[in-house]
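Asks: Okay, here's what each chain looks like letter by letter:
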Amino acid sequence: MPSNQVEALLQRARAGDGEAFEQLIEPHVGRLYNYLARMVGDPADAEDLTQDVILRAHRAIGSFRGGATFQTWLYRIATNIAVDALRRRGRRNARVTSLDDPLQAEQGLVAREVRDTQRDPQRLAEASELIEQVQNAIAELSPKLRAVVVLFDIQGLTYDEIAQTLRLPLGTVKSRLFNARTRLRELLEPYVAGAA
Amino acid sequence: MKTCNHYKLLIGARVDGTATEAELAELHGHLAECTRCAGEVRELERVRRLVTGLPRLRPSSGFMPAAMARVRAQRVSWFDRLFGGMQPAEFRLAAMVALVLVVCIGVGMVALHGHGPGVSTSAVVVKAPPPHMAPPARPAVASANDEYLRECRLVHGALDQDRAFWGAEAVQLASYSR
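Protein chains in written order, with the working numbering: chain D, -2 to 193; chain L, -13 to 164.
Covered by chain D, per the in silico footprint, the following chain L stretches (three or more residues, Cβ under 8 Å):
1. -12 to -2
2. 28 to 36
3. 55 to 61
Keep in mind that the hints were calculated from the coordinates and are not lab data. Built from N, CA and C at the ideal position, the CB exists for glycine as well.
Isolated chain D (complex conformation) (with noise of 0.2 Å):
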């Protein structure tokens, strides 16, 4: 979207047009989910989390002025959402729930019933072995570095941007970017190792 355009929409939403904000936001609800979805690691959760993120944007709209990128603003108050929700949580790692793991169901532990695989490629890619431990790996990072590798590596936002979003000295971007990755290649060592 032009920036123009952008920000002749900020200013309609600003003045509460509903439609106007519902124009600005669309773009970015489904990076925003994956985002969410890949810091508290349960799909579930980051809908709710999306949906916080849209309601308080709308809130708060009025007082965005523009300092940062729209999507910058964005994401700083899903990260905020975020660590409040891991925090919440009581835990530092995110919930996974592996397709493997049997049901509790009244008459005890039963096997999970899952869909076919063949005819739904992403869930043929969300099962694989390979993914869930990634995604266990990000898990088991403490909120901090865990948000500078998904901005970075998932979402794809620079350097400056992620500052941005998370207040940030770009030299702390740079080194929990690094401590990130050497804490994950710990954790997936059996994985990379050795990696030609």
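Given the structure of chain D, go ahead and fit chain L onto it with the hints provided.
Replies: Frame of chain D, contents of chain L only:
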């Protein structure tokens, strides 16, 4: 001779894909001699490929309409417009500053204007009546009592708002009219 620690930043930049040509040339010179750093670069690049290779997740198809319905139903107050996007720490700080300001302004107003209308009854009873509320001179004859009382009511019209004070004055007025 530079140690491996010196090259950490360059290794990070290379893995991130942000190293300049000069930085890459400097790093490659070191990597040619240091198998440990060369191995670290390979493994970190592999980590990056694994993370960037995660599939993009999407919300369910009904998510967006439901989310927008909630947005339309949401009422936005002026307070939310000002503070809605702030993170909790900032919010708490802003609220604390606001509270301190309110307290300071309140204390300042009390210091400037003294007691307001909400002073206690006991304070009024002890205090002498203000000059503009003092009763008029006692009438010489009894027939003037009605006029005197009417005047008193005009002068003390404001006392209706302060029943305690009016009670004390009424005792006084009764003694005058005798």
